[in-house]
Amino acid sequence: METGQHEQTFNNECRQLGEACASYRLRRDTGVPDEFLVAYDAYRGPVLKADYYVRKWLGLRCNAVKRNFVVDPAVTPDFLRGITGKTCPVSLVPFVMSGQSQANPSVDRILNDGTYALGNLVVFSQRVNRAKGDKTFEEVAALAKRGEVAEGLAGIEWARLASLMYGNWSVARNDDRFVVPLAVVPPEHVFTPTSQVVQLLLMQWCGMTPADNRRQFLLASMRSCSPSREAEAQFDNLVTCLSEGVRAEKHAPNVWLRPRIFAPFLSWYLTSQCAIETMLRSSRERLQTGVDRDKIVSRWRLNG
Numbered sequence: 000m001e002t003g004q005h006e007q008t009f010n011n012e013c014r015q016l017g018e019a020c021a022s023y024r025l026r027r028d029t030g031v032p033d034e035f036l037v038a039y040d041a042y043r044g045p046v047l048k049a050d051y052y053v054r055k056w057l058g059l060r061c062n063a064v065k066r067n068f069v070v071d072p073a074v075t076p077d078f079l080r081g082i083t084g085k086t087c088p089v090s091l092v093p094f095v096m097s098g099q100s101q102a103n104p105s106v107d108r109i110l111n112d113g114t115y116a117l118g119n120l121v122v123f124s125q126r127v128n129r130a131k132g133d134k135t136f137e138e139v140a141a142l143a144k145r146g147e148v149a150e151g152l153a154g155i156e157w158a159r160l161a162s163l164m165y166g167n168w169s170v171a172r173n174d175d176r177f178v179v180p181l182a183v184v185p186p187e188h189v190f191t192p193t194s195q196v197v198q199l200l201l202m203q204w205c206g207m208t209p210a211d212n213r214r215q216f217l218l219a220s221m222r223s224c225s226p227s228r229e230a231e232a233q234f235d236n237l238v239t240c241l242s243e244g245v246r247a248e249k250h251a252p253n254v255w256l257r258p259r260i261f262a263p264f265l266s267w268y269l270t271s272q273c274a275i276e277t278m279l280r281s282s283r284e285r286l287q288t289g290v291d292r293d294k295i296v297s298r299w300r301l302n303g
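Quick note: the sequence shown, position 165, residue 164 per numbering that gives the first Met the number 0, numbers continuous.
Hints may be right or wrong, so weigh each one.
List of simulated lysine to any residue pairs, SDA-like, C-alpha gap at most 20 Å [said to hold, decoys possible]:
hint: 1; residue 1: K65; residue 2: V37
hint: 2; residue 1: K294; residue 2: A73
hint: 3; residue 1: K48; residue 2: L79
hint: 4; residue 1: K249; residue 2: A153
hint: 5; residue 1: K134; residue 2: V189
hint: 6; residue 1: K134; residue 2: N111
hint: 7; residue 1: K144; residue 2: R259
hint: 8; residue 1: K85; residue 2: V184
hint: 9; residue 1: K55; residue 2: G132
hint: 10; residue 1: K65; residue 2: E34
hint: 11; residue 1: K65; residue 2: N11
hint: 12; residue 1: K144; residue 2: G132
hint: 13; residue 1: K65; residue 2: V31
hint: 14; residue 1: K144; residue 2: L265
hint: 15; residue 1: K249; residue 2: T208
hint: 16; residue 1: K144; residue 2: N253
hint: 17; residue 1: K249; residue 2: M207
hint: 18; residue 1: K144; residue 2: D175
hint: 19; residue 1: K85; residue 2: N253
hint: 20; residue 1: K294; residue 2: R283
hint: 21; residue 1: K55; residue 2: N111
hint: 22; residue 1: K85; residue 2: V95
hint: 23; residue 1: K249; residue 2: G84
hint: 24; residue 1: K249; residue 2: L199
hint: 25; residue 1: K48; residue 2: Y23
hint: 26; residue 1: K55; residue 2: A102
hint: 27; residue 1: K55; residue 2: R14
hint: 28; residue 1: K55; residue 2: R66
hint: 29; residue 1: K55; residue 2: R27
hint: 30; residue 1: K249; residue 2: F94
hint: 31; residue 1: K134; residue 2: F190
Restraint ranges, calculated between C-beta atoms of paired labels, are given here [unchecked claim]:
hint: 32; residue 1: Q101; residue 2: R43; range: 36 to 44 Å
hint: 33; residue 1: Q4; residue 2: E147; range: 44 to 52 Å
hint: 34; residue 1: S281; residue 2: A210; range: 27 to 35 Å
hint: 35; residue 1: T29; residue 2: Q203; range: 46 to 54 Å
hint: 36; residue 1: N236; residue 2: Q101; range: 38 to 46 Å
hint: 37; residue 1: H250; residue 2: K48; range: 37 to 45 Å
Since the hints were made in silico from the structure, they are not lab data. Yeah, the Cβ is synthetic: ideal placement off N, Cα and C, and Gly gets one too.
Sequences and hints are given; from them, build the entire structure.
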């Protein structure tokens with residue numbers, strides 16, 4: 000966005016936001032730009048009642064203007080309601096929807112060098128959001144690799160955060176070279192790269208009962224992507240270990256953090272990648288009809 004256009008859009012947002020916060024009798028936040036405060040103080044209209052997600056939405060917009068960003072118009076209270084699950088995807092702790100708690104939901108950008116727009120927002124707990132702060136995917140991945148407690152998060156929590164951030168990092172750079180373990184069930188509203196889609200499918204299929212006829216058919220379709228007998232043997236071993244692991248884990252994605260499962264997967268996936276992408280392409284195109292990936296990413300306004 001051109002500098003002059005951004006300045007006009009930003010000032011308009013501050014004025015509209017000041018009026019909105021005044022109308023809902025939200026606190027007068029002195030950390031926001033002057034245009035907000037002038038509009039807030041000048042408001043003489045009716046007093047409105049805000050529900051939880053309206054307050055979240057207005058708070059998100061306030062946080063954005065403090066950082067010289069404008070929340071995308073497509074981000075609405077209903078959108079925030081839709082992306083707020085029952086538990087934090089990183090800590091797995093249920094959200095606390097009232098009072099002051101480290102388990103309160105907190106809306107955050109996945110990629111901090113992008114703005115507040117569809118596809119780049121996720122809801123964490125306050126504790127996870129504070130630990131993530133302004134970290135890049137690379138910084139989070141480094142903490143995950145260490146596997147130790149750091150800045151208030153356990154090693155496995157850093158792994159889940161890296162897993163969740165990887166999809167956006169990958170699609171923004173058109174780069175799936177890291178092949179990060181799928182340590183979380185990916186939310187529907189964020190991007191999931193092919194390597195993690197395959198992990199999700201295998202995890203789900205291996206979780207089916209052996210008596211389920213679909214299990215054999217689906218696994219056979221993925222096995223057919225193997226380019227050699229050696230790769231087929233790798234896949235068979237992976238399925239055996241993965242099936243045992245999924246049954247043993249309360250949180251199924253934890254299986255991908257087991258080296259004896261992820262390492263064979265990585266070896267098989269890298270040798271079978273071209274065939275896998277060809278097999279999944281038609282399904283991806285069918286399921287994503289009407290989704291303009293490039294347009295969505297462009298709305299993130301990465302690096303300005």
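These are the hints, each one checked on the structure:
no., hint, in the structure
1, K65 - V37, "holds, 15 Å"
2, K294 - A73, "holds, 13 Å"
3, K48 - L79, "holds, 18 Å"
4, K249 - A153, "holds, 18 Å"
5, K134 - V189, "holds, 18 Å"
6, K134 - N111, "holds, 7 Å"
7, K144 - R259, "holds, 16 Å"
8, K85 - V184, "holds, 13 Å"
9, K55 - G132, "holds, 18 Å"
10, K65 - E34, "holds, 12 Å"
11, K65 - N11, "holds, 14 Å"
12, K144 - G132, "holds, 18 Å"
13, K65 - V31, "holds, 5 Å"
14, K144 - L265, "holds, 16 Å"
15, K249 - T208, "holds, 16 Å"
16, K144 - N253, "holds, 15 Å"
17, K249 - M207, "holds, 15 Å"
18, K144 - D175, "holds, 17 Å"
19, K85 - N253, "holds, 19 Å"
20, K294 - R283, "holds, 17 Å"
21, K55 - N111, "holds, 19 Å"
22, K85 - V95, "holds, 9 Å"
23, K249 - G84, "holds, 18 Å"
24, K249 - L199, "holds, 16 Å"
25, K48 - Y23, "holds, 6 Å"
26, K55 - A102, "holds, 15 Å"
27, K55 - R14, "holds, 18 Å"
28, K55 - R66, "holds, 17 Å"
29, K55 - R27, "holds, 15 Å"
30, K249 - F94, "holds, 19 Å"
31, K134 - F190, "holds, 19 Å"
32, Q101 - R43: 36 to 44 Å, "holds, 39 Å"
33, Q4 - E147: 44 to 52 Å, "holds, 45 Å"
34, S281 - A210: 27 to 35 Å, "holds, 29 Å"
35, T29 - Q203: 46 to 54 Å, "holds, 50 Å"
36, N236 - Q101: 38 to 46 Å, "holds, 41 Å"
37, H250 - K48: 37 to 45 Å, "holds, 38 Å"
In summary, the structure agrees with every hint in the numbered list given earlier.
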